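For the protein sequence lines, the chains are D and W, in the order given. The opening residue of the first sequence carries number 3 in this note's numbering; numbering runs sequentially from there. The opening residue of the second sequence carries number 1497 in this note's numbering; numbering runs sequentially from there.
Since the hints were made in silico from the structure, they are not lab data. All values derive from a computational prediction rather than experimental measurement. There's no promise every hint is true.
What the hints assert, rightly or not - No more than 30 Å apart at the CA atoms, straight line, and that leaves these computed lysine-lysine pairs for DSBU-like:
(1) 1669(W) x 53(D)
(2) 227(D) x 143(D)
(3) 427(D) x 637(D)
(4) 718(D) x 805(D)
(5) 1781(W) x 275(D)
(6) 753(D) x 1513(W)
(7) 275(D) x 1779(W)
(8) 809(D) x 522(D)
(9) 1778(W) x 275(D)
(10) 1646(W) x 143(D)
(11) 1778(W) x 592(D)
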Amino acid sequence: MDLVSVRNSFLCTDVVCVKCYRSFVFAGVGGFLKVFDLNSNRCVKELEIFKGHKIYGIAPSEDHIIIFGSKSVKIFLFKANENDISLKCLANLTLEDWILAVHWISSLTQIILVTAHNVAWVWSWKSNSNLDLKRSDCHEKCILYSATICGNDWSSCVVFAGTVFREIVLWLPGGNIQGDQPVLHRLEGHNGVIFSLIWDWESSSLCSTSDDRSIRLWNIDLPDKTDWKRSAVSCSQIFYGHSARVWRSIIIQDFIVSVGEDCQVCVWSRKGKLLQSLERSSSGCQWSVDFSSEHQLLVTGAGDGSIQLLPFSFHATSSSIHQVFFKNDLVKSSPSKPRKLVLLSVGCIATVTEDGTVLCGYPTNPSTWAVICKDDRFSNYCLLSVAPNRKKFSLASLKGHVLIKQGFVTNMEHSTLEQKLEDGKIWSLLWLSSDQLLVCGDEGRLSIWQLPQKGGVNLICVGRFLLPRSRERWPTCATVVHRDGKRFLLCGDRCGSLHLFSFQMSASQQHLPADHSLSKLHGKLGSTNILEIDHQILSTGRDGIVRTITIDSKSLQMSVMSNDKMIVDWVCAILPVSSISHHLLFVGFKETNMIVWSSKERRTIFQLDCGGGHRSWDCIISNSKKLEIVFVREKYIYYSSQSLEALMKPTLQQGISSRELNCISVLPNHSSSILLGGEDGSVYLCNFLEDLSRLKNKITLTSHISSVRCVCVHNKFFFTAGGRAQLKAWCVEVGLENEILCAELASHMLKGERNSRSPPSVDPEMRYMTLITIPSFEDDPVVYVVSGCSDGALRWMTFDSTKKTFKLFGESMFHGKCVLKLLTVLIEERTFLVSTATDGRIALWNVGPDMFYCSEMLKEPVFSHKCHQSGVNSIQSTICSCGEKTVLVLASGGDDNCVVLSALNVGQKDAYLIAKWCSSSAHAAQVTGVWLSGQWLISTSIDQRLTIWSWCLLQAQTPELKCNFLYQTISSVPDIQDLQVWQKGNLLCVCVVGKGVQIFTIPINNEFQITETS
Amino acid sequence: MGKTSKDKRDVYYRLAKEEGWRARSAFKLMQIDDEFKLLEGVKNVVDLCAAPGSWSQVLAKRLHKDGFDNAKIVAVDLQAMAPLKGVIQLQGDITQVSTANSIIDHFKGESADLVVCDGAPDVTGLHEMDEYIQAQLLLAALNITTHILKPGGAFLAKIFRGKDITLLYSQLKLFFPNVTVTKPLSSRNSSIESFVVCQNYSPPSDYVPNMSNPLLDHKYTDWNELTGSNRIIVPFLACGDLSAYDSDTNYPLELEGRQPYVYRPPVQSPISPPYEESVHLKKCKALGLCVDSASSSEDQKDSIHSTTEEVAKIHLDASSSS
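My request is simple: use the sequences and hints to build the entire structure.
See the structure below:
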């Protein structure tokens, strides 16, 4: 009978095993088994299999499933009806050693297991007698990292064992020799630990993956299927391609698929050629992979907790690039080579050659190609640009001529417009809409031209602007946006700056200057694209960052809302997959490859070797949802068409962070939304369903340059800080559809911004460890921020939300050792700050807005005491009354395994300890999270236990703190770094973060009492 | 990352290079010894999993300060290790009885007073598994220790303080009445690494050292041992005095009261890491190409050099040929 009922509500951690079975995918998430149906791509069953350890393997056969992990194994009967999935546990066993492999034999009446000290076990699990278990030891007794078994019965089965000493040993556990069984073969060659082994009967081959980043395929020559003693083994192929350790592989007919620590899923031919590599960089380590032959899909489980379906479609994509041919007579009559090209909506390509010939035709049909005009004015120099609707394109010349070809509604039929728009060279020609063109002449003179209505012949100038002076003074991208009844031109230039111009009522003859510029926003290599989608303005550039821009129509100012780092440095186009969903494709270049990256899946969905970004290319999503790419390479046109459906497969389960999470905060007024700061440098805003059972969506903020160690929420703002002395301020807003949006307000680095020439006064490697704000009124524009730093300092800063700037006011070196946690507490209308550090001390400071003007207050705390032997990782406080006095009670958790409660009497100028309680036996490792309220204390630790206590302060002559152990449970999240507890209706939500996220809920009644279950 | 970046980030890394220690872990042993006085009166000491040799360096410095006759130090590792003055090196597997026998031979039939082990596996990132492998390594060290340690002797080893550490504690408690977990200041706060100091070796009366079967850690027998108050938790003691540097704190490159800062290269760089070949192939842009397993590694390197120009072409072929 437990005193407290604690329920697991949500779990996201490493997915170490996935297994396809019929039309289902089984996945091990911590100790939970999740079953997904591939017809609906939904989770149809979730069941806790093991408490306290992970599921490492699943082996289905007919209606039975073995699930194992750590030292335990369970056998289930699986039944799938139309509406229900049932799993019934038939048998379970716990061994004294780590289980590495299981295998069904003897028509499912027995299973073989291999454990980490190279011991094989046969378990007759159906036998009614006591535990029917037989063991067989191998002569080679070193520790194994992997094993696999093949054979149909005990006497003929074979164990392949991957040792810590870089060998694979092959032995027969059912041999009839007394004592240890000899090693039959030693497979040498790997230069590191063997992480996985897989056997394929059909090809009689073994595939191994290793620490040395290679995969090896071993061919086993068997004279007869059971006579292993006469077998011969040779290494038939070595596969090098992963840039980190390779965890798993599977053999699918003639192909091998491998996954590794480098986030890659590689498909190989048996001959050793890398056919396809799918990167999933945002999901981290790829732990597991399997193949559904029924659905022809790959399934991977990753370090961020995601379970992703991937296409196994290189049969189709291997011929992905086609050269585009013209019919023979055209090649003869027009020998000039293509230089620039665009794709039109009807599916044809328009290209301009070196001598000014314009050709048009369909990519896969040479006979459709025809010359549509030949104009010497467009030889040598020609700009080619296509309208957003892709029914028109235009050419511009060195002498200011513009030629517009329009029509192309159902076929190549079209009409032509021509006008001289500039006296000299046209530097840039961009379409703003289907009937407006932006033309750039000499010295940054911009003009906007309206195309005539049907039947008209002349273009009319509707606006003139002047691009600010720069080294290369022409625009590379532009768009028109409407805000509050006003019209604006947004223009990105060749020097990476972004400019804002407002349209006047009537077109002036004067070239109007820019109203606002964001200078060198995208770095010196230039802006590449700007686009408005769903009222969001996105801007890309060759700095590899996609920025969201907002315009204030009153002050005529632009500001950057958020920055999203891409995996490529050269991002050049944004393609909306559909107008309603928030799904965009980004096209970029990396070395010689063109990369297409999906914002929804946060991975590269397609890449092709086109030779690099310095060429004419075009890319569209066609009406039939195909990704069509054309490019010029060595004077020939190449074409590629991919079905988006084949490139993108659904995500069965969304992940959170590829690396450890350091901190968690809950958004006020949004009790289903949490903010997380990660070791990977990202801040995640995770929105859950109301019952906290599932992640609804996740916003990833990637602008930190190093790890994020702390998140602190203050009214509608939040602050994040971490490595490289970087601190950022953000604002939370609620969007039109009640969705939560984040905007970056300011970024600050303690040594001053990067590139500043002054010598750093603060160590640039300094890490912010913790942040806290001093409570203030909602309308106060200034926020007081205190930070704890790894150089031993407490720093006091202000953030001015109107000016969006941080200002450093002072610092205290009181601790002198790495500061770990900060907390503010209100006692009788006075604010106090509590700080902790690796010196084991807890200090209490008198604070308030006046301290920012009176630096004396900051020098020394009012009280400090050494509470722990070493680092104090967590601290929480509450106020209670003892007689007539208000007492501050602090809970702290230390690196010394201890949970400590201290009661303090706080006076005007000093404070003293009146009672203390300490437990060193609740946790076996560092305590990294505590929470304290009313009468409850919750603590958590690296040992993955979550402990609930009840405490009270006894008011006697000498006050006494009492604390009782109530309940303990175990979390599936390793390396727990932080704990957050909040109330949501009549539930107490407890969230732990580390290598994953887990949320527990505890029912409470109105008086905030934990409901006791009987 | 800049050359001095790591020096700025980790004071002990920098101090180790300055003082000529092969690894920063030298400070951990010194701080543990300062607290527990493990080296007092020690004549025979064994360093298991000794490479790269920083603990042996500390043992030699502290035990041989009055001459080499005072104490014998035997360092055991599978890999070869650069020689150290006054340290007897033994290349061998700690799971073999022969290794135990040759240690005893070096002590002229005497048993060891102290066994230390700073070994750790390459971590995979799966904490549960890493902790298990580390526990097995420690138990292998304990197993050989039961062959060579004299009653009353001490055993010091690295542990990962994780989820199942209590199982290891209960195993250690069978052999040593005094087991303490300690964490020196030079080991980072919140890192999973800690050290167990096991004192007063007193094996169970019926215990016969046996190398043919590995020692295994215990398993949870009921739910109350997995969570609850029945877990065996040993006392914790932080060590390293407060004036010592803290490994989590950033210190300026110019440290007070020390010599002016100069950059020093690492005392010893890694010897043939597992990924050597892979990194080499990457440099040659030959990753993902067919490697002929029959030819030796040296031949491959040559043939790859000659085909680098063709690589780009092959890449295009790979994607365009059907």
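Structure-based check of each hint:
A distance of roughly 26 Å separates the Cα atoms of residue 1669(W) and residue 53(D); the hinted pair therefore holds under the 30 Å criterion. Between the alpha carbons of residue 227(D) and residue 143(D) the distance comes to roughly 27 Å, so the proposed pair stays at or under 30 Å and holds. For the hint pairing residue 427(D) with residue 637(D), the CA-to-CA distance comes to about 25 Å; that is within 30 Å, so the pair holds. Of the pairs offered as hints, the one joining residue 718(D) and residue 805(D) holds, with about 16 Å between alpha carbons and a cut-off of 30 Å not exceeded.
Distance hint between residue 1781(W) and residue 275(D) is fulfilled; the C-alpha atoms sit about 14 Å from each other, no more than 30 Å. Taking the CA atoms of residue 753(D) and residue 1513(W), the gap is near 27 Å; set against the 30 Å cutoff, the hint holds. Between residue 275(D) and residue 1779(W), the direct Cα distance comes to roughly 18 Å. Compliance with the 30 Å bound is thereby established for this hinted pair. Proximity of residue 809(D) to residue 522(D) is assessed by CA-CA distance (about 24 Å); at most 30 Å being required, the pair is judged to hold.
In summary, the hint linking residue 1778(W) to residue 275(D) is supported, as the alpha carbons are separated by about 15 Å, within the 30 Å threshold. The hinted pair formed by residue 1646(W) and residue 143(D) meets the criterion: a straight-line CA distance of about 26 Å does not exceed 30 Å. For the suggested pair residue 1778(W) and residue 592(D), the alpha carbons sit about 16 Å apart, so the restraint of at most 30 Å is met.
The structure meets every hint from the earlier list without exception.
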